[in-house]
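S.K.: Residue numbers (the working numbering), protein chains in the order written: chain C, 1 to 160; chain L, 1 to 738.
All clues stand as given, with none of them false.
Some chain C residues flagged as far from chain L (calculated, every beta-carbon gap over 10 Å):
no.	residue
1	D4
2	A21
3	G60
4	E61
Covered by chain C, according to a simulated footprint, are these stretches of chain L (three or more residues, beta-carbon under 8 Å):
no.	stretch
5	16-23
6	464-475
List of simulated lysine to any residue pairs, SDA-like, C-alpha gap at most 25 Å:
no.	chain 1	residue 1	chain 2	residue 2
7	L	K652	C	E48
8	L	K285	L	D396
9	C	K6	L	D52
10	C	K88	L	D496
11	L	K206	L	P572
12	C	K17	L	A12
13	L	K551	L	L567
14	L	K143	L	G165
15	L	K413	C	A129
16	C	K89	L	Y492
17	C	K6	L	P54
18	L	K622	C	R99
19	C	K88	L	R19
20	C	K125	L	D612
21	L	K720	L	T124
I should point out that these hints are in silico values taken from the structure, not numbers from a laboratory. Treat the numbers as computed from the prediction; the structure is a model and nothing was measured. Note that the Cβ used here is the ideal one computed from N, Cα and C, for glycine as well.
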Amino acid sequence: MGADPKRALVRFRLNGKPIRARAYPLTRLLDVLREECGLTGTKEGCGEGECGACSVLVDGELVNSCLFPVVQAEGRRIETVEGLRRGKKLHPVQESFLRHGGAQCGACTPGMVMAAVSLLREKPKPSRAEIREYLSGNLCRCTGYVKILDSVARAGEAES
Amino acid sequence: MGKNVLRKEGAAKVTGEARYIDDLRFPGMIHGVTVRSDIPRGKLLGLRFEGDVPWNEITVVTAGDIPGENIVTMHEKDQPYLAQGEIHHSQEPVALLAHPDRDVLQRALRSVKLDVEPLPPVLTLDDSLARKHVIWGKDNVFKSFRLQKGDPSSIWLSAPRIVEGEYVTGAQEQLYIEPQGAIAVASPAEGVTVWGSLQCPYYVHKALKPLFGLAGDRVRVIQTETGGGFGGKEEYPSVIAGHAALLAWKSGRPVKMIYPRDEDMAATTKRHPSRTRIRSAVDEKGRLLALEIEFLLDGGAYCTLSPVVLSRGTIHASGPYRCDHVLVDSRALATNTPPHGAFRGFGAPQSLFAIERHMDRIARELGLSPEAVRRANLLRSGDTTATSQIIREKVDFPGLIATAARHSGLREKCRSFARSNRGGRFRKGIGLACVMHGAGFTGSGENNLKAVAGVEITPEGRVRVLSGSTEIGQGTNTIFAQIAADALGISYDDVDVAQPDTRSVPDSGPTVASRTCMIVGKLVESAANGIKDTLVRGGLLGKRYTRAQFKAACSRHAARAGSLRCLMSYEPPASVSWDDANYRGEAYATYAWAVYVAEVSVDMVTYRVSVDDFVAVQEVGKVIHPLLAAGQIEGGVAQGIGYALYENVVWKDGRMANNQMTNYIIPTSLDTPPIRVFFEEDNREHGPFGAKGIGELPMDAPAPAILSAVEMAIGVSFDKIPVLPEDVMHALEGRRGG
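Model the full structure from these sequences, guided by the hints.
M.R.: Quick look at the structure:
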């Protein structure tokens with residue numbers, strides 16, 4: 001396979017591991033994660049930055065990976081839902097979503113979990129109002145958000 | 001039972017390991033897309049494949065390539081997989097394309113030109129009723145029902161008061177977060193195998209057989225993890241699965257079809273828009289003396305499931321109220337919009353919206369409270385419904401209302417809001433709605449369906465539930481495992497639930513109609529009991545046993561007699577009798593009963609309505625898993641809030657104009673109030689351990705409760721949903737302007 005001159009080499013760290021990907025610069029980070037890196041936990045819900053199902057952390061900041069050209073990932077630190085657990089042990093946010101009904105169909109869950117992780121890093125014990133505000137960019141159609149808010153609140157309590 | 005065990009597939013979902021359809025990749029797999037019409041009605045004269053596109057590399061399928069029947073098998077044989085000469089709606093599939101490179105495919109899609117001769121479309125219920133253009137059958141009517149009890153015409157002349165109203169509901173998009181998708185492998189030698197995001201594997205199986213002219217054993221359908229359905233993945237997956245399989249059949253390669261969100265929203269089914277006219281005779285206390293209801297649904301271009309949706313809507317049209325004289329005339333009509341279909345509630349949210357708004361209208365016209373008018377009419381045990389079904393189980397609406405009123409502060413707030421609403425930027429209101437929802441298929445439906453589910457044991461002592469009912473987020477895997485574990489007296493952790501695959505699980509009927517727990521769960525319970533009886537009768541197990549003894553019995557049985565599997569088939573309860581011709585009798589074996597209260601505030605500057613608090617009280621029989629059950633109610637209420645206040649499908653020339661999440665608005669975490677859920681468990685005679693259906697119930701009451709609250713807040717009675725800020729503005733400014 002000859003190298004396609006339009007493809008650029010992009011280097012970044014993905015869940016702590018170095019990645020060298022060859023991709024068209026404007027390829028969505030979402031596609032690189034799912035197709036080149038084989039991490040399909042990050043979901044596509046709308047492809048236009050509305051639903052948050054594709055949420056990942058870039059240098060600790062919550063972004064919609066469907067709106068993020070891979071060229072901008074150069075030299076940066078990407079975290080996805082696959083990077084959260086330590087061995088068999090779930091991350092406290094994952095554990096809390098599992099115990100408190102935060103996941104139903106699961107399609108919004110990886111993005112929602114990443115948003116919750118991001119919030120709890122910024123603010124370990126958020127108020128209910130702060131959780132509602134922070135998660136308002138992540139749509140869920142199953143839960144009515146009640147158990148998601150419970151899960152995030154309890155994860156905050158458990159972690160501190 | 002009654003315990004909050006961990007969701008079976010929960011860990012896979014929170015870690016991202018769960019595999020949804022778009023997460024699967026097969027060697028040699030290529031991608032498929034659909035070429036669609038861009039006019040709502042016309043003649044298709046031909047297709048041109050133009051542009052700078054490597055057409056020789058692209059697999060193209062048109063109607064002529066179909067090996068079997070070009071029909072999506074459903075109630076009527078009216079919908080083709082690919083248009084053949086005629087176009088009936090703006091998203092009609094006319095051809096299919098496949099190629100390994102999705103960018104090439106997108107270019108190709110834009111380069112197919114359709115030669116069409118447009119015909120005048122029928123786009124509204126009134127146009128369809130007028131029959132200036134007949135677009136379906138002889139009269140544009142997919143189905144009609146006439147349900148009669150007593151004789152309303154004998155009442156009008158002597159009626160103390162007559163109250164009339166018209167109520168309208170819009171289309172609603174299911175908006176599961178995972179879009180529709182399927183992967184197919186197909187060839188004349190191997191038959192057809194489809195993996196997909198779907199609710200009903202045997203519906204897809206039934207549709208693929210005639211499409212390819214194959215026997216049942218050469219078609220296989222496997223459900224992958226499914227990211228929400230809500231009815232949207234009930235009938236539509238038969239279409240996308242068929243399309244993917246046609247491309248795979250012709251190309252000889254695995255084909256993946258995943259709809260981008262805009263295509264999913266534009267092309268797949270939505271909740272039927274409705275119009276209901278109610279004429280009622282009441283006495284001075286608001287008691288219903290007679291009801292005449294005309295209930296119309298817009299079915300779109302093809303029949304799909306409209307007759308069944310219409311049926312449920314018709315039976316629920318008089319609400320949870322007793323009335324001796326009822327006539328319901330209902331029709332599902334054809335228009336040139338993409339077909340409407342199943343969505344949680346299935347016709348009942350539409351007709352219950354109408355009767356609940358009508359109860360408020362009666363209250364207004366008689367100067368009574370909405371609660372008082374309902375109390376005067378709510379069904380009690382021993383009363384008969386509109387289908388003359390005698391309600392034999394305990395129905396305690398006064399108790400449900402009391403619980404809802406206590407938790408919501410209904411009565412105090414009715415008084416305090418009336419005082420505080422005289423001025424200020426925010427006006428507040430509180431409203432209630434009372435509903436029932438029939439569990440399982442209507443009338444003789446379960447009887448005809450004869451669902452089968454089973455349980456098997458392995459030599460290692462594990463138990464596997466075998467069913468075609470799907471996990472779509474609502475908790476099927478978890479409650480089935482709980483039911484089997486409890487019946488067998490073993491640990492929940494020792495039970496697995498088989499992936500729905502038509503090669504290895506029986507046909508349990510579709511995953512719809514609030515039937516999974518009550519009907520199929522009961523079969524799982526019976527099958528588990530069958531396993532236990534076999535082991536006990538075979539002398540392998542005592543009446544009481546430990547986990548180790550159970551495991552030992554399984555392995556001894558395997559050694560002695562091989563595998564042990566128990567399949568159970570649905571047997572109707574003796575009391576269920578249904579007259580399909582006259583729509584009389586036991587419409588449902590049982591109902592869930594509910595009283596919901598919504599509290600809202602209306603911003604008099606922005607005209608935004610927000611729901612501040614929500615109380616949902618329901619009697620649903622035994623609650624198998626309180627956390628999952630509450631999650632069902634909360635999610636349904638949020639969809640109901642969207643239905644009432646946000647979700648507006650904008651139609652332009654028979655096409656959804658706002659087919660994006662950017663401009664079709666569903667509730668976010670900020671738009672959803674605390675939803676407080678309370679269960680009563682009065683009745684225990686149906687379903688496994690006494691559980692009734694709950695999945696659809698929460699969709700029924702939010703919209704009317706919210707509009708009732710809005711009416712209290714600003715004194716405007718809306719009879720059409722959604723109510724958007726601009727509707728509030730027009731109503732208030734119109735009133736001010738005179």
